[in-house]
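Here is how the chains run, residue by residue.
There are 2 protein chains.
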Amino acid sequence: MGTTQLETVPEPKYWHLKTVLSEALDSEFSVGEILPNERDLAARFGVARATLRQALEQLELEGRLQRRRGVGTTVAPPRVGVAVGTEQHVWPGAPGDAWQPVDCARTAVPAAVADALGTGRDEPVHTVRRSRTTHGRPVAAELLYVPSASVPDLSAIDTPSGPARARAVLRELQRLELEGRESAVELGSARADDARELDRLPGAPVLVVTTRYIADGRVAALSVATYRADTCRLTFGDSGGVEIHHGPHSRAS
Amino acid sequence: MGTTQLETVPEPKYWHLKTVLSEALDSEFSVGEILPNERDLAARFGVARATLRQALEQLELEGRLQRRRGVGTTVAPPRVGVAVGTEQHVWPGAPGDAWQPVDCARTAVPAAVADALGTGRDEPVHTVRRSRTTHGRPVAAELLYVPSASVPDLSAIDTPSGPARARAVLRELQRLELEGRESAVELGSARADDARELDRLPGAPVLVVTTRYIADGRVAALSVATYRADTCRLTFGDSGGVEIHHGPHSRAS
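These protein sequence lines map, in sequence, to chains A and B. Quick note, the first sequence lines up with residues 12 to 264 if you use my numbering. Quick note, the second sequence lines up with residues 12 to 264 if you use my numbering.
Treat the hints as calculated values from the structure; they're not laboratory data. None of the values given here were measured: they were computed from a predicted structure. Hints may be right or wrong, so weigh each one.
[Stated by the list, open to error] Which stretches of chain A does chain B cover? Using the computed rule of at least three CB atoms under 8 Å from a CB of chain B, they are: (1) 191–198; (2) 212–219; (3) 237–244.
[What the hints assert, rightly or not] Estimated spans, in silico, between C-beta atoms of each pair: (4) A105/A x A109/B: 31 to 37 Å; (5) A105/A x D133/B: 43 to 49 Å; (6) P88/B x T118/A: 26 to 32 Å; (7) A61/B x G129/A: 38 to 44 Å; (8) G83/A x E134/B: 35 to 41 Å; (9) R79/A x T30/B: 26 to 32 Å; (10) S172/B x A116/A: 55 to 61 Å; (11) S38/B x D227/A: 29 to 35 Å; (12) P89/A x T118/B: 20 to 26 Å; (13) H146/B x R55/A: 44 to 50 Å; (14) A61/B x G83/A: 22 to 28 Å; (15) P88/B x A116/A: 32 to 38 Å; (16) A105/A x A160/B: 20 to 26 Å.
[What the hints assert, rightly or not] Derived, one-sided and incomplete: chain A residues facing chain B with beta-carbon distance under 7 Å: (17) P23; (18) W26; (19) Q69; (20) L72; (21) E73; (22) A203; (23) F247.
Using N, Cα and C, we set each Cβ at its ideal position, and we do this for glycine too.
Could you put the whole structure together from the sequences, leaning on the hints where they help?
Spelled out as structure tokens, the structure:
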């Protein structure tokens with residue numbers, strides 16, 4: 012892991028240390044390997060433990076390290092690329108959709124959701140919960156809000172909730188002509204229910220992707236999808252069908 | 012701000028408190044307004060200060076609050092929507108580009124960048140630094156890596172660095188036929204130089220957008236753009252030209 016002394020470097024010490032550690036992770040450690048303890052690492056690089064801890068926190072934020080209670084600090088696997096928003100004219104639930112319906116209920120929604128949908132603040136909305144897994148592990152949880160006006164022919168006498176109901180709502184949605192969609196991604200914190208589903212603590216950093224599905228010139232459905240920020244890279248855009256060689260890591264920072 | 016007592020709620024207290032506070036921010040506070048101090052807030056909601064602090068941290072992560080030393084906790088303005096990746100077949104630096112060239116140098120690059128570009132690990136690469144502002148404030152900083160092979164006709168006798176050099180590199184890049192591009196967004200931490208440019212502390216959470224520009228079946232340029240996670244929502248996809256009404260807030264979670 013080299014023996015660079017960091018005493019004379021002008022930039023913040025933890026920053027330079029982070030870079031040195033990052034290179035060491037690439038060259039000397041394999042995924043899942045446990046790092047030496049903090050005292051040993053600090054001694055090796057000639058830095059205070061506070062400095063080391065700052066550098067480790069940065070590497071955790073960047074998805075390079077995982078700190079797990081009772082295990083220690085391990086080298087994280089590369090983040091998984093998860094495609095979002097590549098198909099412009101497909102409704103949720105169309106064939107090939109990566110999301111699995113979990114549940115559905117008619118509930119009151121947050122004020123901001125009601126405003127975005129143009130529904131009344133107290134008007135119940137079909138709320139479909141879906142989950143997304145990659146390599147068998149949960150990577151994202153979604154709430155898909157569908158106003159009654161978007162699914163007018165949905166039968167009220169079918170099962171009122173559960174995955175079957177979710178599929179019925181999605182099926183009805185396909186009847187509308189999708190005119191386009193707009194997505195946005197931002198930093199957020201995991202709600203308690205999402206956190207449980209994603210195997211994280213409530214409040215863990217997540218990437219929140221909000222998508223407005225537009226039909227008849229209005230928002231016909233609104234999706235709020237929560238992706239694990241520690242394990243996911245969200246990919247979008249298209250490569251024009253060109254296959255390119257990706258490096259050994261998909262990281263590039 | 013209501014007087015809801017939170018003692019009997021089954022979900023984590025800070026979580027419910029966060030929701031209650033969030034609603035209060037919408038209805039009773041205006042942007043920039045300073046919140047009452049922690050002791051008063053904790054008393055008002057009948058919670059411990061540790062609980063209050065957890066809720067405030069969540070709201071900060073979600074971009075609802077800003078905590079500034081010497082000022083206190085203020086209500087943050089809504090995040091600004093910043094478009095990324097909407098134009099599939101336009102090179103960086105094309106007319107209408109939101110980015111401003113700042114500098115250019117020929118430098119060694121991180122190993123992951125060299126791998127993505129398919130250049131040798133020690134081969135210098137044209138590194139264009141650009142910045143992006145919205146409403147006069149910096150929102151993002153970019154490093155655009157361009158291998159010499161992508162700009163073979165770039166004259167070596169022009170100015171070796173600076174914005175003029177950056178523009179020359181971008182101009183040469185336009186000569187290639189762009190076949191497509193692939194983008195990914197992930198959570199990261201601000202490098203010292205980006206942090207300075209974005210008026211943040213090194214290590215602050217940022218959204219990192221990596222874009223591979225593809226020409227002749229290979230990566231002809233690689234952009235690593237760092238957006239402030241506290242003030243930005245990244246928007247992508249297209250709405251099919253449909254104008255829709257956005258609610259008073261663009262938030263929807």
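Here is how each hint holds up against the structure:
| no. | hint | in the structure |
| --- | --- | --- |
| 1 | 191–198 | holds (count 8) |
| 2 | 212–219 | holds (count 5) |
| 3 | 237–244 | holds (count 4) |
| 4 | A105/A x A109/B: 31 to 37 Å | holds (33 Å) |
| 5 | A105/A x D133/B: 43 to 49 Å | holds (48 Å) |
| 6 | P88/B x T118/A: 26 to 32 Å | holds (29 Å) |
| 7 | A61/B x G129/A: 38 to 44 Å | holds (40 Å) |
| 8 | G83/A x E134/B: 35 to 41 Å | holds (37 Å) |
| 9 | R79/A x T30/B: 26 to 32 Å | holds (29 Å) |
| 10 | S172/B x A116/A: 55 to 61 Å | holds (60 Å) |
| 11 | S38/B x D227/A: 29 to 35 Å | holds (31 Å) |
| 12 | P89/A x T118/B: 20 to 26 Å | holds (25 Å) |
| 13 | H146/B x R55/A: 44 to 50 Å | holds (46 Å) |
| 14 | A61/B x G83/A: 22 to 28 Å | holds (27 Å) |
| 15 | P88/B x A116/A: 32 to 38 Å | holds (33 Å) |
| 16 | A105/A x A160/B: 20 to 26 Å | violated (41 Å) |
| 17 | P23 | holds (6 Å) |
| 18 | W26 | holds (5 Å) |
| 19 | Q69 | holds (5 Å) |
| 20 | L72 | holds (5 Å) |
| 21 | E73 | holds (5 Å) |
| 22 | A203 | holds (5 Å) |
| 23 | F247 | holds (5 Å) |
Hint violations for this structure: number 16 only, all remaining hints satisfied.
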